[in-house]
Amino acid sequence: MTETQPLVLVVDDAATVRMYHCTMLSEAGFRVREAANGLEAVEAALGAAFDLFVVDVNMPRMDGYTCVETLRSEVGTPAPVVMISTEERPGDADRAYAAGANLYLVKPVPPERLVRIARLFTAGRGVPA
Amino acid sequence: MIPAATALTETDFERFREYFYRRTGIQFAPSKRYFVDKRIDHCVRAAGFETFAGWFGALRLGDRPALLQELINQLTVNETYFLREDYQFDALLNAVLPRVLAARGGPGRMAGPVKILSLPCSTGEEPYSIALRLLAEWPHIDLVDVEIHGGDIDSEVLSRAAHASYGERSLQRVPKLWMSRYFNAVGAGRYQLDSSIRDAVTLHQINICDTAAMRVLHEFDVVFCRNVLIYFDELSSRRAAENLYSAMRPGAYLFLGHSESMSRISPIFKPIRLPEGIVYQRPTGAK
Amino acid sequence: MGLVRKAEPEPELPVVSPEDLIRQLDDPDREARRAAALGLEGVADAVEALLDRIGVEQVPAVRDAMLTTLAVHDTDRVAAGLAVHLASDDAGLRTAAAEALATMPISVPALVPRLLEDPDPDVRVMTAIVLADLPHPESLTWLAVLIKDDPHPNVVATAIDALLPSLGPEHRELLEGAVRRFPDDPFLRFTVEAALR
Numbered sequence: 001m002t003e004t005q006p007l008v009l010v011v012d013d014a015a016t017v018r019m020y021h022c023t024m025l026s027e028a029g030f031r032v033r034e035a036a037n038g039l040e041a042v043e044a045a046l047g048a049a050f051d052l053f054v055v056d057v058n059m060p061r062m063d064g065y066t067c068v069e070t071l072r073s074e075v076g077t078p079a080p081v082v083m084i085s086t087e088e089r090p091g092d093a094d095r096a097y098a099a100g101a102n103l104y105l106v107k108p109v110p111p112e113r114l115v116r117i118a119r120l121f122t123a124g125r126g127v128p129a
Numbered sequence: 001m002i003p004a005a006t007a008l009t010e011t012d013f014e015r016f017r018e019y020f021y022r023r024t025g026i027q028f029a030p031s032k033r034y035f036v037d038k039r040i041d042h043c044v045r046a047a048g049f050e051t052f053a054g055w056f057g058a059l060r061l062g063d064r065p066a067l068l069q070e071l072i073n074q075l076t077v078n079e080t081y082f083l084r085e086d087y088q089f090d091a092l093l094n095a096v097l098p099r100v101l102a103a104r105g106g107p108g109r110m111a112g113p114v115k116i117l118s119l120p121c122s123t124g125e126e127p128y129s130i131a132l133r134l135l136a137e138w139p140h141i142d143l144v145d146v147e148i149h150g151g152d153i154d155s156e157v158l159s160r161a162a163h164a165s166y167g168e169r170s171l172q173r174v175p176k177l178w179m180s181r182y183f184n185a186v187g188a189g190r191y192q193l194d195s196s197i198r199d200a201v202t203l204h205q206i207n208i209c210d211t212a213a214m215r216v217l218h219e220f221d222v223v224f225c226r227n228v229l230i231y232f233d234e235l236s237s238r239r240a241a242e243n244l245y246s247a248m249r250p251g252a253y254l255f256l257g258h259s260e261s262m263s264r265i266s267p268i269f270k271p272i273r274l275p276e277g278i279v280y281q282r283p284t285g286a287k
Numbered sequence: 001m002g003l004v005r006k007a008e009p010e011p012e013l014p015v016v017s018p019e020d021l022i023r024q025l026d027d028p029d030r031e032a033r034r035a036a037a038l039g040l041e042g043v044a045d046a047v048e049a050l051l052d053r054i055g056v057e058q059v060p061a062v063r064d065a066m067l068t069t070l071a072v073h074d075t076d077r078v079a080a081g082l083a084v085h086l087a088s089d090d091a092g093l094r095t096a097a098a099e100a101l102a103t104m105p106i107s108v109p110a111l112v113p114r115l116l117e118d119p120d121p122d123v124r125v126m127t128a129i130v131l132a133d134l135p136h137p138e139s140l141t142w143l144a145v146l147i148k149d150d151p152h153p154n155v156v157a158t159a160i161d162a163l164l165p166s167l168g169p170e171h172r173e174l175l176e177g178a179v180r181r182f183p184d185d186p187f188l189r190f191t192v193e194a195a196l197r
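Residue numbers (the UniProt record's numbering), protein chains in the order written: chain A, 1 to 129; chain B, 1 to 287; chain C, 1 to 197.
The set of hints was computed from the structure by calculation and includes no laboratory data. Be aware that one or more of the hints could be misleading.
Stated by the list, open to error - Which bits of chain A does chain C cover? Going by a derived footprint, with three or more residues having C-beta under 8 Å, they are:
no., region
1, 15-26
2, 59-66
As the list claims (entries may be wrong) - These stretches of chain B come out as covered by chain C in the derived footprint (C-beta under 8 Å, 3 or more residues):
no., region
3, 32-42
4, 154-165
5, 202-212
Note that the coordinates shown come from a computational prediction; the quantities given were computed from them, not determined experimentally. Where a beta carbon is used, it is the ideal one built from N, C-alpha and C, also for glycine.
Take these sequences, add in the hints, and give me the full structure.
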């Protein structure tokens, strides 16, 4: 592990999802941290420069849309955001992109796909392919 | 080497990591694994358990709060000394106090003093560290009045705070010049803080969770509440956060310990990024 | 100028009666409402007034203060009064009520069997979230019952998530059984795979 590997924040209120995504990404060579709701994610983003955010939609205290809006407007983070929803409802994807997400997916996201997407969004930052 | 009886498997470690994160909001990087294992091993043995599984089961059940308290003690450095976590005092001088002065109209136009609270203040190292840094390094100290208050639930530590005499261990980070300027040797390797500073700090015996008692603390511009909320259960930490909010002016700033996070506890404060780290603000619009 | 000691001792604070505090729960100023809710800590007579306002208070900070005060009571009346909000369409209210109920180990257990039989799967999901943090020896048993028998995959997935910190080898059969009950639910399969890793 070196400090040059991309740092990913996994934001989800479901512990299994957090654990799974974190394990997959760290086995693929990413540095990972986790947050259990949008508010924690904003706080984490104020304290560290993340290279990628993987954000759930439905969470207590602060939902995914508000979290991404806050990351963009108040924290001013330019890093890519992948939003992952549990169920697909009409208009959700539009809302995610309007909030500032770069990609909107519906669960479950197979681990290989998540890792591939993470590599695409952090290309050039030194992750082994 | 970790003996086999308490050695953690990869799965044990993940479960533990998840539990501790849920309970305290603290997460460990995989590189901290060895450090965490050693501290857990200590806790398992100290509590008289044969195995990690037995200890972890009792910890999760939650009917022995001392288990969690000891674990937190082991996994967070919990020692009080002068100028501890000094970067937060840097933030106070460089970023927070200038904002406070600006928000209150600037030196010379402020109604009332700048008020700073240290809670819990234990034996006084924190409020006195704030006083020393202001006196020695803050150019505006001659232009504005500053009131420093300390509070603690424990009358024993408060009487030691009032006496303000400390040993070398507590003073090791204090510059020599400050020692000669602000302390007097009182024998047996101990040094007492000068009465001009001792007398300027107001001490309160107070329980942070007691809403009625906490009403005596109000209109603070800056609050330091470091490394205590982490020990509280959810209800107590929420009540404490609410009480701190009530003790602060709208727009006032709150410092927590470096491993603590307010977003684990309550959404009522707004996290703010400073060059020296995160500080929490009571929103200005909420009045 | 410089360091100053507080000039005079604090004046005695006026004591506000519980009746006045209850009236202030309807004050137009949100800070007055928040302070009144906190000030009513331990006042049994204020429980009904607080419960009446949980569902209508629009400011989350004020609602949180009301819940902080209510949860201390941990009585059947408060538990029942908060549990109705587990069915709320307002996600913020729903999760705030669940957080409060999770801190009430004396009164909540008596409600759990009924909540686990609620026809609305969203209520059962919220109940699993309460059980995740409720410090009670039966919590794990109830979660296991949901995983084994609940007819809705979202409820089962939430219960597995809640059980995660306590999962051991003895739960493998339980989790594999859940996958067999919902072979076509990819998210549940994912949750079980993640939990069994």
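Cross-check of the supplied hints:
no. : hint    : result
1   : 15-26   : holds (count 6)
2   : 59-66   : holds (count 3)
3   : 32-42   : violated (count 0)
4   : 154-165 : violated (count 0)
5   : 202-212 : holds (count 3)
The structure is inconsistent with the numbered hints 3 and 4, although it conforms to all the rest.
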